[in-house]
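Each chain, written out:
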Amino acid sequence: MDMTTQQTAPPPLPRPAPRAQRPAARGATRPGDRIFLGLSRGSGVLVLVIMAAIAAFLTYRAVLAISKDEANFLTAFEWNPSGVPPRFGIAVLAFGTVVSSVIAMIIAVPVAVGIALFITHYAPRRLAGPIAYVIDLLAAVPSIIYGLWGALVLVPSLDGLYGWLDQYLGWTGILEWNQGAPRSLFTVGILLAIMILPIITSVSREVFGQVPRMHQEAALALGATRWEVIRMAVLPFGRSGVISASMLGLGRALGETMAVAMVLSPSFDIEASLLDPGGGTFAQNIAGKFNEATEMGRDALIASGLVLFVITLLVNGAARLIIARRKEYSGAGA
Amino acid sequence: MSHARDAQPAAGSLRGARLPRWFPWAAAAGSVAAGLAVSAAAGLHSDIQWALIAAALFVLGSYAVSAKVEGPRQARDRTATSLVWVAFLLAVVPLASLAWETVEQGVKVLDGYFLSHSMGVVADSEPGGGIYHAILGTLEQVGLATLMSVPVGVLTAVYLVEYGRGRLARAVTFFVDVMTGIPSIVAGLFILSLWILILGMGYSGFAGSMALSILMIPVVVRSTEEMLKLVPNELREASLALGVPKWRTVLKVVLPTSIGGITTGVMLAVARITGETAPVLLLVWGTNFINANPFQDPQASLPMYIYLQYTNGSDAAYDRAWAAALTLIAFIMILNLLARGIARWKAPETGR
Chain C
1 MDMTTQQTAP PPLPRPAPRA QRPAARGATR PGDRIFLGLS RGSGVLVLVI
51 MAAIAAFLTY RAVLAISKDE ANFLTAFEWN PSGVPPRFGI AVLAFGTVVS
101 SVIAMIIAVP VAVGIALFIT HYAPRRLAGP IAYVIDLLAA VPSIIYGLWG
151 ALVLVPSLDG LYGWLDQYLG WTGILEWNQG APRSLFTVGI LLAIMILPII
201 TSVSREVFGQ VPRMHQEAAL ALGATRWEVI RMAVLPFGRS GVISASMLGL
251 GRALGETMAV AMVLSPSFDI EASLLDPGGG TFAQNIAGKF NEATEMGRDA
301 LIASGLVLFV ITLLVNGAAR LIIARRKEYS GAGA
Chain A
1 MSHARDAQPA AGSLRGARLP RWFPWAAAAG SVAAGLAVSA AAGLHSDIQW
51 ALIAAALFVL GSYAVSAKVE GPRQARDRTA TSLVWVAFLL AVVPLASLAW
101 ETVEQGVKVL DGYFLSHSMG VVADSEPGGG IYHAILGTLE QVGLATLMSV
151 PVGVLTAVYL VEYGRGRLAR AVTFFVDVMT GIPSIVAGLF ILSLWILILG
201 MGYSGFAGSM ALSILMIPVV VRSTEEMLKL VPNELREASL ALGVPKWRTV
251 LKVVLPTSIG GITTGVMLAV ARITGETAPV LLLVWGTNFI NANPFQDPQA
301 SLPMYIYLQY TNGSDAAYDR AWAAALTLIA FIMILNLLAR GIARWKAPET
351 GR
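Chain order of the listed sequences is C and A. Oh and the first sequence: position 28 is 28 in UniProt numbering, straight run, nothing missing. Oh and the second sequence: position 192 is 192 in UniProt numbering, straight run, nothing missing.
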């Protein structure tokens, strides 16, 4: 619009310069530009709208459910939302989610850091590339296949390990095994660890690859062994990267649904021993209870989903914050 | 250092005593043999046990020998090396077993009949039947999700890279990051509450694809953004200097330059959502029959088919689950390999 009027209008002589400069300076006033800017800004706004809608609709249905809940939503040890009166609480789910994720982290983080170091500092050069490639591919394996493998291959082969843990660590109480099928939170933790290994490995590997060569060579020149180089030059540089990688892995472990649903045999108690079947996680409970749920039951499941949503938001937000701060201070893109 | 030299003074050399190069291999072989012997003697059945015994023997044994011969610093170095190798092997075993089992169990019933028939007239506990309905459903749901999320994702990335300044752009960047971390089941619950509980629509493939596109958008935005940032600014400036409007510059110069990378990102995103089970389970519901219309009535989908066959629990159903898993994993791996191939093929031009 602006352009056409300016082209057709006879330019008045006294002030030609500002008129001629204006269209060039304000590129976004052309109709094509305005439409394109509107479209792309609209897509950006749509992302914000979706996020807001997720929070709003989950909260709406969750409030519907919680307001009818006769038990304490945070501390009750039962899940009977379609009963009269409805009683349900997330204590068992919160416990199971946290415990299985913590077990997964305890196993996965050291092993993943080990593999990342193996790829960047230990493996023969010719092997390192292909190994990193395969690990990245494994990150793409869907969770349903980990679940199938976990339920049909991992669970049957854990008897021996469970017997061992019971024999030598049973006195702790939390690693006591009463000969049930090994479909416990501990097994879930092992499976989750295997699932989040590739993602933690691949982020850590990238961070370790960015450690300045000069730092490492300086340490070597001072007579450091390879381990001392890693301890003094590589790990301090990579620490925040490893932390944020771990938190990304933790976010995945917390929200993992199908693998947990296929491996765990759930119940609404907290077992004293981690090796006894029972317990549950937020996501597993939703997938498991959804099919038979009434409308009230669905709202209750949505309420538990909202809690999961908030927890993963916090974990992921913290991870992003660490990455952002690292970018600021070190200048190396994460 | 001095401690190391005190422990093992080496005559006529500045270097301390070293173990021979073959030592780690010998130690590994020795500890595997010892692990096998111990577990045979103690009557342990599980493969996990002898492997753990061997790993512990390897780490402790090489530390002890090295501490005696080379001194504590070298011993710690050797321990770190052995720990890293053990970590690598520990991780390889389950991942290799996963790949091996899927292929070995999957080929049992996977054939042309399996790929081209549905479960329509087959009882779940009997052999026979196939995954045609599930493949059809998956392709339609993923296709719809891709159609919805690629334009939104690419345009959002264009906004962030080409236009984005100020608070709106920062908010979008932050929430795209947050969206990446949404658990798939939560995306499913959101569509469930909005589409099915509040708007009163039925279960359908389309409901599933909406949830899938929520999972796909942030991945597309992230990868497209990275690719657009790689386009050299000189190209944009050259085009603008010729008087080309900005929108034509973006459409005709920036996007074509980065199209290879964007394609890679989209294919990786498609591979990711193809395997998503949880939202599909909540929204598409599943059926044993062929339903080619994604907008009406429950459909099947490949990942859900695996889950339903698994929960059925008969041997024939397990075989079908493995075969479907092999099909799914083959599809995803082919997409991944193609995507990475395109990335590598396009790489020199973008100077990565």
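Source of the hints: derived by calculation from the structure; they are not laboratory data. Any given hint might turn out to be false.
One-sided and incomplete, this derived list gives chain C residues near chain A with beta-carbon spacing under 10 Å [claimed, not checked]:
(1) A181
(2) I302
(3) G317
Facing chain C, from chain A, some residues (calculated, C-beta under 10 Å) [unchecked claim]:
(4) L19
(5) R21
(6) F23
(7) S97
(8) V158
(9) E162
(10) A169
(11) N288
(12) A292
(13) M333
(14) I342
(15) K346
Computed from a predicted model, the values in this text were never measured in an experiment. Each residue gets a CB set at the ideal place from its N, CA and C atoms; glycine is no exception.
| Broken hints, numbered, in rising order? | As far as the earlier hints go, 1, 4, 5, 6, 11, 12, 14 and 15 are violated by this structure, in ascending order.
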